[in-house]
Amino acid sequence: MSEAATTLAGARKGRPSILRRWVGQALARNLSCLVVPGPEVALAHGLDLAAADMRIAATPRDATVLLIVGELSQKLDEATAVLYAQMPRPRAILVLGGSAPSSLPQADVSADLSQTELMEAATRLQRLLAEDAFAASPDDFDSSILQAKTEYVCPMHPEVVEDEPGSCPKCGMDLVAREAGGDSDAGEHDHDHDHEHEHHGHEHDHDHEHESEEHDHHHAHHNDHGQSHEHHHDHEHHQNHKRAHDHEQHQGDDDHEHAHCHEHEDHGHQQSTAQEQSGTEYICPMHPEIRQNEPGSCPKCGMDLEPHKPEEDEGVREGVPEHDHEHHHDHSGHDHDGHDHSDHDHDSSGFMSMVEVTKDLPRSADGLAMDWLEVPFGPCFPGLPGGLKLTLTLDGDGVTEGQATSLVAMNTSSEEVAVETFIERLAAAMPLAPVSYRLLACRAIEQAAGLEPDPAVERGRAAALERERIASHLGWLAQLGRQLSFVWLTRRAAALQLETQRADREQLVALRPALQSLIARLEHTPLLKARLKGIGALPHGSQDLRGPVARASGRTEDARQADAMYRELGFEMRAESAGDAWARLRQRHVEIMTSLDLVEVAGDPELPKLRAIDNPSGTGEATVETPRGRATLRLTQERGQVVSVELDSACSQHIGLVADLVEGQELGDALVAVGSLDLSPWEVTS
Amino acid sequence: MVVQAFFVGVFGLAAIGFGVAVFRTASMVRSALALLFSQAAVGCMFLAMQAEFLGVLQIMMMATEMSIMAIFMVMFMMDPGGLGGMDMSHQKRFSIGAGAIAAATAISVALFSDWGPIVAEAPDAAMQTRELGFEMLGRSMLVFETAAITILTAMIAATAVAIPVRQPGVDTGKLDKGNGDKEQEASK
Amino acid sequence: MTVALVLLTLLVGAWLLAVIEAWLTTGRLRPVAPLLAGLSHLGRESILARKPDRLFFETAPVLLLVVAVLGAAVLPLAPDLVIADLATGALFLNAVLAYVLVSLIMAGWGPNGAYAMVGGWRFLGQLIAYSMLIVMPITATAMRAESLLNSAIVESQAGLWNIVYQPLGFVLFFIAAIALAFRSPFDLPTAPGELAGGVDAEYTGVRLAVLRLARLVMVITLSAATTVFFLGGWQGPLLPPWAWSLIKTLAVAVSMLLVGFYLPRIREADLLGWCWKLGIPLALLNILIVGLLILVVP
Amino acid sequence: MTPVLILALLTGAILFGVGIYGALSQTNLVMIMMGVELILAGALVNLVAFWRFLHPEVYAGQMFVLVVMTVMAVEMAVGFGVAIARFRAKGSVEMEEAGDLKG
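Chains as they are written, first to last, in this note's numbering: chain A, 1 to 686; chain B, 1 to 188; chain C, 1 to 298; chain D, 1 to 103.
Bear in mind the hints are in silico, worked out from the structure with no lab data behind them.
Certain hints may be false.
Said to hold, decoys possible - The following residues of chain A were derived to be distant from chain C, with all beta-carbon distances above 10 Å:
hint, residue
1, Ser102
2, Glu420
3, Glu606
4, Asp669
Claimed, not checked - Simulated coverage check for chain C against chain A, where a stretch passes if three residues somewhere in it have a Cβ under 8 Å from a Cβ of chain A:
hint, stretch
5, 17-26
6, 177-191
7, 196-204
8, 255-263
9, 266-278
10, 285-296
Claimed, not checked - Not everything, but these chain A residues come out facing chain C in the computed CB check (under 10 Å):
hint, residue
11, Trp22
12, Ala409
13, Asn411
Ideal Cβ positions, reconstructed from N, Cα and C, are used throughout, including at glycine.
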């Protein structure tokens with residue numbers, strides 16, 4: 001059902017000419033794809049992009065084709081629109097097995113999810129690019145998601161924010177337009193993509209954004225780390241804390257600030273009120289550290305001290321607020337107010353104290369206060385599973401804190417569906433482990449119906465599950481290769497994964513030497529051990545670890561141990577003990593071989609199918625050791641309809657570990673640590 | 001001679017231009033790189049004055065040195081991007097005066113001194129490199145060794161000063177090694 | 001004429017390298033692939049990042065290309081096939097290569113993006129790791145030749161190539177050269193899996209094409225340098241000198257690619273630690289051994 | 001009297017003046033170091049010019065240049081060492097705030 005549009009929505013403006021025709025042909029023969037949600041999903045669907053002559057691009061900037069695999073969740077759909085906007089024209093959209101995302105233009109080519117369809121679609125796409133890469137008047141892509149809200153602020157009074165142009169009620173100045181970058185709605189979209197700069201035609205003058213960001217984070221974070229103040233600062237600066245908090249409060253009025261500020265605003269407020277009671281004080285205009293309760297002259301320069309009411313002190317002296325309201329994100333695109341404000345500040349003090357700007361900053365691992373930068377990684381980041389969005393606060397190359405969220409989390413609050421549909425839906429919702437969840441659903445439904453397990457069926461199912469485990473671990477290896485630019489590993493593991501997915505027992509047994517040599521080679525690859533050893537060790541006493549992650553830290557956590565069928569097959573659990581990324585790699589190696597042994601004993605894999613049920617009502621619970629760990633499904637069905645579902649999966653537990661794993665690590669190590677968990681954002685339940 | 005005068009003049013102007021740009025731009029990275037290009041232009045002046053070894057050495061050393069300068073600028077400035085448009089200077093009038101007087105004095109010395117006879121021909125580059133080597137490891141051995149020891153001491157001292165008292169830092173060590181790095185190059 | 005020949009060599013080398021690189025990653029040997037890739041870059045929009053430092057953003061790729069070409073200018077491909085055989089040629093190469101860092105800092109700061117900026121500054125740390133391992137082995141080869149002339153260094157290897165005379169130096173230089181060209185496993189500033197392209201991340205269209213070309217030419221220049229300093233340059237039996245230079249250069253370039261193909265990216269902390277704790281002592285040892293050999297063996 | 005020598009000396013003098021201005025007018029320690037680097041660059045230009053045009057046969061002149069380059073490197077190392085230590089202790093490398101250095 002491969003179908004192609006007649007013109008290319010993402011054509012580049014330009015009258016067709018011979019030269020442009022050549023370029024189009026070059027583009028067609030050099031398809032670089034940005035895969036959404038990610039290359040690992042395409043692989044799990046059995047798609048071999050290399051065979052279709054497509055290259056996987058690391059960034060949207062380098063991609064010609066936006067390749068969408070399967071249905072996208074609402075959030076991922078919006079993130080994809082931003083990615084699409086970042087791709088340089090000419091660009092094309094190829095949708096495989098799903099409806100075209102609503103926020104994008106219509107797909108240029110769409111096809112089913114299969115290798116043959118992919119090949120055919122690629123050919124169509126090539127023809128389309130070769131002929132229509134340039135158009136005299138291409139469509140604009142201007143999705144509502146990309147629309148930054150424009151708002152109007154007073155250059156002097158940051159708290160004055162209006163939706164319409166006009167003049168400031170306080171000072172009467174004309175309001176200046178700016179993008180509502182930090183606005184909660186727009187801000188969220190902006191964070192959803194992995195580049196800060198979507199391109200929709202804004203070219204502003206200059207280079208100053210880094211700086212802004214830094215100041216933002218100074219303020220966004222200093223309360224989190226408030227306890228460190230005493231360590232690093234003399235008490236003579238004590239009163240100054242209050243000022244910074246004042247800014248924060250002040251900033252709170254302004255709706256352009258960071259979520260972090262909101263969280264900690266109250267805290268800051270309390271501290272400041274405690275200190276505000278001191279009343280009027282006298283400070284030296286040149287030496288901000290000189291403060292007295294009574295008038296006099298400065299002991300350092302002899303100037304007369306000026307009266308100074310803390311309530312009125314909006315931190316003007318420090319010259320800080322202008323930075324605060326002016327940037328926040330890369331998106332608040334204007335610097336005018338910043339300049340205006342700083343002029344204003346210079347008039348009053350002439351000097352901006354670095355001590356005051358830096359004193360409340362949290363310190364890096366080496367004790368220096370550094371620029372903090374909140375950077376989104378994902379949801380389509382080359383080194384992370386697609387659909388997983390990691391927000392890291394970077395301090396140079398180090399991560400100070402981070403958190404992971406899934407944009408493709410499964411929603412279990414379902415309406416009533418027929419049992420058959422439910423099984424299909426659950427399997428489709430978990431593209432990285434469809435067989436495991438199909439099996440889980442079948443078992444739960446059968447149990448609800450009161451069916452006893454049938455050893456013959458269970459054998460085939462166990463073989464299918466183990467085959468999927470091998471494929472899934474190989475997919476993880478390919479992902480590791482992508483993360484570490486280990487091209488050989490990516491190619492080899494991906495090729496083996498594709499072979500494993502559809503293999504029967506004979507073929508799997510035939511793959512044994514190939515798998516063994518892959519594993520032996522990996523364990524002796526120079527640099528790999530150094531790269532993984534000691535990385536991603538979990539804090540002691542981490543609760544609820546499952547699957548390979550648990551077993552790699554020496555826990556005997558495996559649902560297969562309790563399974564009579566596995567006992568019959570001679571299953572024996574083996575575990576590593578170090579609990580770091582290297583142990584996880586070795587654990588997965590061990591499991592690949594164990595699973596291969598199990599398939600060899602169990603026979604041909606059979607896709608789990610629901611057995612005939614005579615009693616279609618009741619409550620059932622089943623547990624399956626999925627490739628990523630134990631998953632438990634509890635469901636209630638009435639007359640062949642599933643009415644309520646409760647899913648407890650490994651990834652829902654593991655995603656919570658990310659914050660601990662990344663904190664204080666170098667960026668590369670943090671990403672390796674997150675990768676070593678083998679998170680599948682699809683299996684996170686919301 | 002005319003060609004030489006032309007190149008010395010052009011690179012001299014470039015050195016001065018970039019040198020002034022250092023203090024006129026608000027962006028710290030631009031400032032550090034302007035200094036780099038100023039120093040590189042000085043290196044090119046050396047080349048124009050047929051001091052090939054020194055010129056190449058200057059060009060090489062300054063690249064690393066000023067890049068490290070750039071990262072320190074970004075680290076230690078409140079406003080590395082220059083967004084705030086803040087003025088990071090003081091006693092401006094006095095400084096301009098001092099600079100002008102210093103330059104004027106030096107210029108008048110340059111113009112009104114009798115520099116004696118000018119040597120038209122310089123030894124060729126290969127000869128120079130060779131002779132400099134003999135100078136360095138012969139007559140000026142002591143100077144050379146003293147410079148090396150000074151650098152080593154400075155490296156150790158700077159690192160010792162920079163290392164935090166409580167927990168040894170990762171970044172700090174890295175950056176100080178950077179300085180050491182250049183110094184070893186210099187000592188060669 | 002010489003200039004044209006050297007440029008042609010660089011371009012042909014870059015093209016061959018791109019073909020082999022594409023072969024390794026996709027498994028297809030397609031000689032036209034790099035040309036198609038180049039053409040398609042030219043046809044695509046060249047997007048300017050938002051609020052860039054435009055001067056740096058535009059200059060960086062060009063500077064990288066200029067650096068790579070200037071480096072090649074002092075390397076003799078045959079006895080008389082060299083653009084400028086400077087009396088301080090070996091030092092000049094070092095000087096030019098130091099500007100790779102400048103280019104990357106510009107490329108990192110220019111586009112005003114977090115990934116690019118982290119990538120650019122990362123390379124500063126990387127330089128601090130590798131730079132001594134570029135300088136010190138070259139010093140040892142110059143010691144043997146008793147000259148900084150690159151052609152003299154080649155001629156000094158007439159009896160015995162430096163790869164045999166000072167194998168330690170060769171290994172260190174080879175590794176440092178990969179790090180200098182920031183190719184896998186030292187691709188920290190670009191790191192697709194960690195920084196989504198890092199300094200590359202914001203470049204598109206023509207600018208990206210220049211950047212990619214510069215990176216390929218850089219590999220060729222460094223391979224040619226390895227050839228000159230350690231593999232006896234143009235020397236070899238039967239074939240004409242330029243052919244030997246070309247063969248050796250390409251062989252070194254391909255082995256640089258292969259190293260990256262079979263290795264995962266190194267950790268920056270490990271790189272710094274190993275270079276300073278292991279590499280530099282070894283490089284000093286190499287200089288010592290070479291010094292002793294020169295004194296002992298006439 | 002050769003114009004090239006004078007040209008070089010003039011350049012050196014102006015670089016020196018710009019450096020003095022920078023070192024005196026800047027408030028940030030790192031910027032002050034930049035000024036000092038420019039002063040030293042001016043000195044270097046003079047040294048090379050003297051060597052080249054007055055005594056090209058005396059290599060101690062070149063040696064002198066090397067020593068000044070060493071001084072530049074030492075200045076950088078010590079300067080950054082002090083900057084880090086100061087930033088760690090006080091949170092600032094602004095000279096306006098280095099009041100504790102006053103007598």
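Against the structure shown, which of the earlier numbered hints fail to hold, in ascending order? Going through the list in order, the structure violates hints 4, 10, 12 and 13 and respects the others.
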